[in-house]
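Following the hints, put chains B, C and D in place on chain A, whose structure we already have.
4 protein chains.
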Amino acid sequence: MVEAEGHLIDSQLMNAMFDTVVRHGAAFDVLEFRIGRTNDEPSFVSLRVTAKAPAALTEVLEELVSLGCRVARSEDAHLVAADRDGCAPEDFYSTTNHRTFVQIGGAWVGVHQQRMDAAIVVHDGSAACRKLRDLRAGDAVVCGVHGVKIVPEFQERDRHGFAFMTTEISSERRVEVGVGRIAAMMRAARQAGERIAFVAGPVVVHTGGGSYFRDLIRAGYVNLLLAGNALAVHDAEQALYGTSLGVDMETGRAIEGGHRHHMRAINAICRAGGLRAAVDQGVLKSGVMYECVRRGVDFVLAGSIRDDGPLPETVMDLVEAQDRYAAALQDVSLVLVLSTMLHGIGVGNMLPAWVRLVCVDINPAVVTKLADRGSSQTMGIVTDVGLFLRQLAGALA
Amino acid sequence: MVEAEGHLIDSQLMNAMFDTVVRHGAAFDVLEFRIGRTNDEPSFVSLRVTAKAPAALTEVLEELVSLGCRVARSEDAHLVAADRDGCAPEDFYSTTNHRTFVQIGGAWVGVHQQRMDAAIVVHDGSAACRKLRDLRAGDAVVCGVHGVKIVPEFQERDRHGFAFMTTEISSERRVEVGVGRIAAMMRAARQAGERIAFVAGPVVVHTGGGSYFRDLIRAGYVNLLLAGNALAVHDAEQALYGTSLGVDMETGRAIEGGHRHHMRAINAICRAGGLRAAVDQGVLKSGVMYECVRRGVDFVLAGSIRDDGPLPETVMDLVEAQDRYAAALQDVSLVLVLSTMLHGIGVGNMLPAWVRLVCVDINPAVVTKLADRGSSQTMGIVTDVGLFLRQLAGALA
Amino acid sequence: MVEAEGHLIDSQLMNAMFDTVVRHGAAFDVLEFRIGRTNDEPSFVSLRVTAKAPAALTEVLEELVSLGCRVARSEDAHLVAADRDGCAPEDFYSTTNHRTFVQIGGAWVGVHQQRMDAAIVVHDGSAACRKLRDLRAGDAVVCGVHGVKIVPEFQERDRHGFAFMTTEISSERRVEVGVGRIAAMMRAARQAGERIAFVAGPVVVHTGGGSYFRDLIRAGYVNLLLAGNALAVHDAEQALYGTSLGVDMETGRAIEGGHRHHMRAINAICRAGGLRAAVDQGVLKSGVMYECVRRGVDFVLAGSIRDDGPLPETVMDLVEAQDRYAAALQDVSLVLVLSTMLHGIGVGNMLPAWVRLVCVDINPAVVTKLADRGSSQTMGIVTDVGLFLRQLAGALA
Amino acid sequence: MVEAEGHLIDSQLMNAMFDTVVRHGAAFDVLEFRIGRTNDEPSFVSLRVTAKAPAALTEVLEELVSLGCRVARSEDAHLVAADRDGCAPEDFYSTTNHRTFVQIGGAWVGVHQQRMDAAIVVHDGSAACRKLRDLRAGDAVVCGVHGVKIVPEFQERDRHGFAFMTTEISSERRVEVGVGRIAAMMRAARQAGERIAFVAGPVVVHTGGGSYFRDLIRAGYVNLLLAGNALAVHDAEQALYGTSLGVDMETGRAIEGGHRHHMRAINAICRAGGLRAAVDQGVLKSGVMYECVRRGVDFVLAGSIRDDGPLPETVMDLVEAQDRYAAALQDVSLVLVLSTMLHGIGVGNMLPAWVRLVCVDINPAVVTKLADRGSSQTMGIVTDVGLFLRQLAGALA
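Chains as they are written, first to last, in this note's numbering: chain A, 1 to 397; chain B, 1001 to 1397; chain C, 2001 to 2397; chain D, 3001 to 3397.
It is possible that part of the hints are untrue.
Which chain C residues face chain D? A few, computed with CB under 10 Å, are given here [said to hold, decoys possible]:
(1) Arg2099
(2) Asp2124
(3) Ser2126
(4) Glu2176
(5) Gly2178
(6) Gly2180
(7) Ala2183
(8) Val2203
(9) His2206
(10) Gly2209
(11) Ser2244
(12) Val2382
(13) Thr2383
(14) Asp2384
(15) Val2385
(16) Gly2386
Capping the alpha-carbon separation at 16 Å, the derived lysine to aspartate or glutamate pairs in EDC-like fashion look like this [to be verified]:
(17) A:Lys131 - D:Asp3308
(18) C:Lys2131 - B:Asp1040
(19) A:Lys131 - A:Asp372
Bear in mind the hints are in silico, worked out from the structure with no lab data behind them.
Ideal placement from N, C-alpha and C gives every residue a C-beta, glycine not left out.
Chain A on its own, in the form it takes in the complex (with noise of 0.2 Å):
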């Protein structure tokens, strides 16, 4: 017997519980239903679910829990220790993005950093999510779905002006109009002291947006710069060259042997010692890097396999970039993704739900990728980034 408490039909729970009950080939039976007379009040369900097998339940009640709803029956989380570093024991909890809650001592404990895809460790009456890789023999992991609840985000229409997403994705769709949005939430996380991540790939220079990108960090809306080597790179070519992977940012004409610029920029700043050097000696005087480090904006660059030099700041041991990344987001309210899926999903990976997360990308592919994260609390936008920066910086102006 499981129940649910909440916007169970605004948001769709209802329908999401029902249809894993009868994917599974199991059945349910409504016990109780209290629906929400109007909007702001919450609906009550209670469901007898049944199955054929008692893995199947299993895997049912699983299922049901990471959705929202919680096993009746008032128990503790179960608890088992780990039998050796860097794994979980065979059936621990898997964690979503949402708020978890989990049975401690018969009361409901808050989960501390709430993440997906991690194990859920109990130390001392209090509980947090803890990676794989980061568990330690003996350390208290929950197992199955006894004692833990989720509380999905639940979407109240227009709080954060997000329901342009309730549409489908497409570059069929006036991107102003989202603009307006998002520049409203930066000047209202600003004012309230929040702290804004942008992520960004090297496309946000090819396509000319570095230097609206440049007057978003000089106007403090951009408090820390997730990328990768690329982004500095073709910065620091541009700074340096005037083009950006051979093409002439001001002419839009290509230069035959253009590379030579990208690894003589490379070779300018390893031999400076690195962006912050290269800015001190006045070897870099311009760019998005060089903002940030004039601003002190926090900048963390995660190296990758296709990545020439690597830059001395870029972090080639990724485990350290994955750590650096996670801890620099910790007190995040509002992340904008632009044109780059692998740093996007990277930092998808480790926020939780309740993050804002707006995903821009001129493929729509990678924008409905991005923004699949089982959460409202996210914007996907399908436009050129470099106008949309150059609307955005306009909007903030």
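Just chains B, C and D, lined up with the frame of chain A:
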């Protein structure tokens, strides 16, 4: 034996010639080659082509002529009388969109109404392109490749600022550079009294480009609008209800049953007796079509199988629609195709290669397809058409 | 006060209703709600909806009715005589593609020829959809929302194997699973004597799908082919010259002047007097159209602005083409749309929601657009259409 | 004064040279030109290039050399000792992926370990590419363009059946033709004892290509697998649970909480101590990685910022991962990149131009980007990778 003269290397004609010969399993022998010693001098080549069979030789010669070679032996074009209406003799010469000359009575005569995929009819010592369906029994049709030569547009670097296109079509480009060049071309064209045509899909309205397009019309930059029924319907829907396909243009919110606005807009225009009548009666008070009617901008709306309505002005007889499109394009010097593959291909088929064509679409595959017309007078831009129009209207304000 | 009954939660109708009310700034009060206790039982809801202004209330009611609600007060549909040919009274009820009933003389009467974007005309106690352009002065047209109810298709899980679509449309799916289900549906349809229609674009030929499509025709799986001029032209070009748009189908090599084959194929068919005549005269000896002619498969080719030729069978009067498409689709139970957004949207507009529609395209945006018809009877597959047809023909062999 | 010899017209080098000169505002004068009179004869050109400033001349010369010209004056390559570890002298010669020679002691010496974006280090009369980060203080680095010449791969028509690529990359192509050619190349490579590498993304598993990929491994067509963590994780998930990212591979149904399978698969492999250990212990009994382990196929998994886990075999230190990729690719003659832009670009950067590269992706933009390496040894195919692998395995069975 074939000959060619011109910027053979710059325009990659030499390469294409050699390629053509080898692809057919034929062989070539360079009899003479004089290279242009500087950027301004033309080159000249004379080739002997041999093939195993006469049919293969004919195929090779046809391709070489379409590239810009001429058969060396001086001979008049071979004329055959069409034996029935609506079709050509079997070996008719099928035109390209490049400037073409036929030899008549020993003299090279320019072909009028140049367009691709047509036959050439000679009458009274003058030659003109004629669509197959417009041929009449008895017309003297050019057959074979003797006495035919074409002069491909040579891409004089930067004359029209089209060098932008020498790089591959990609969404990773700075659109502002392209916008600046197009604005310059439009200003120059208006100043020179040349006509500018726009070919526009309904996405122009969905993406919020409508109001910027109206600015261009008001400023006199639109001499001709070629579109389909859908553009006019979505434009009328926005004018009458503020929505486009049921999405509120100011808030971006979808309206569940929003299709009703769509149908009511059609009904309202039909009740008025058409777009012009709706403007006259004060039913239609704003929008792209309103501006066209008020400013006397020529427009042709071509029907399609997916049309709702259609509006009274929409030409549902496609033979008539093609003829009206072609007639309206007769003296145009610059064409912008905005987010419509269907009408863009239709227009591309009608234009000689020397009319400049700018294609804007958010889907790179569409831009590649539209821009692939064997001419250097084409510029492709992969971007959001709503933001593009905003930039363009701003640049021209 | 509105009521609805059915699988309100499974089909997400409840959610859509609440959403609709709130979006319009109106308010709702649930008067009664009875939940289906198991998967098979329907649910029932009764809502009181209040809005600030009568106009807003009308908008909300119209949307709720289009979702499947009915106004609780029992009342006959309101009929208004059309005041002129070709258009409807201003507040005409605009149809959806869902099964619709109107109350006439106190009884609910099913609407014939269900299609979207039409008016409903009542005559002699019977009701039918009528396109606006087909309305005649004096026709009794249903206006407003009283006495109208629609019954949306309920997605009975897996009845048609369409659960595949419950996941988002993506290129990252195993196509073989979809092919297997479609093959099973086609076999079942043929066995049941139902008609299967194909809507096909020229990409079917370019991608080498032609020979597999012919296998399907020969095996009796194609009862109707709806296409444009281009499919038939490319098919004829391949039959006559072995190329498609100048690309050799066996070697994949492009032929520089390959457009000539294209125009010669058109000329050859025109000289014969059309496709049927070309088959009869032995001019056309293979290909998709050849098989259709020989097997007596019904086909309609609709013209478009981009057509070359056209072939004699192509219907260039689009009003006639739409009427012939619609007539041919009258008793079809399964439609496959292969790589043609234009004709696919046209056909989608004509079909009632309960006709199953399968859309196959390599561009996810096209599949999303075609599959978005407010019906669960739609399956979208993102894949290469040539390989898809090969798999399908293999699965049905 | 620069000279070049080779198939200058066929390979479009002449055009690129002229273009380069003019683009930089420089001028050229053709001193001598001897055209190859037949397909087999090389051409020779000698140009005098003049520019307004010495810096501009240097830029032009650098580009011309990267195209295949050499400075006419015979002179040894200019060597400068690196002044510190990890970076090059400022005017170092940055390599292309084409076969390169440097003049040492008056003789042209071939450069070893050819790759792009490297410096050339001369030691004991022999020359080799060295990544900037691998340079050590004191290394003799080639600087400037004197004494350097490259020999671009000439596209001998059809030698490798790569003519397929002379047509633009498009989804409107017959994939079967490409599959046939690739199968023939793979057979020939295996027969010749050459090594074939696959670079594969997780989409191979999602699209059902896994079982066909296993067939290729079993048949001995895969000598090296380069991938990321995700391929191995999804493969293990399918082997252990029959799902891939929570989608049932046999029925195509999504499983709501399917991410749990994903995390459990990771946990299971980690508990076993890695992929090899999991195979040895009987935990992993099927799949791509299982086959690789059982058949002794070399594999390298490179980490990324978006990785879950990672699996023990995944190399999270990207400097090490790049070095291991590059080492494994040392003697490979054919590389197939399947649905992974990230690893595909990484691998492309490491390969000399004469290694054949086949790129398969459903997104044309990805294929264009991967195939754009300035070499004729590249074939791009836009198709569904699952069906592609099915065809390929069938063609090789």
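Notebook entry, point to check: Honestly, which of those hints from before does the structure not fit?
Noted result: 1, 2, 3, 7, 18, 19
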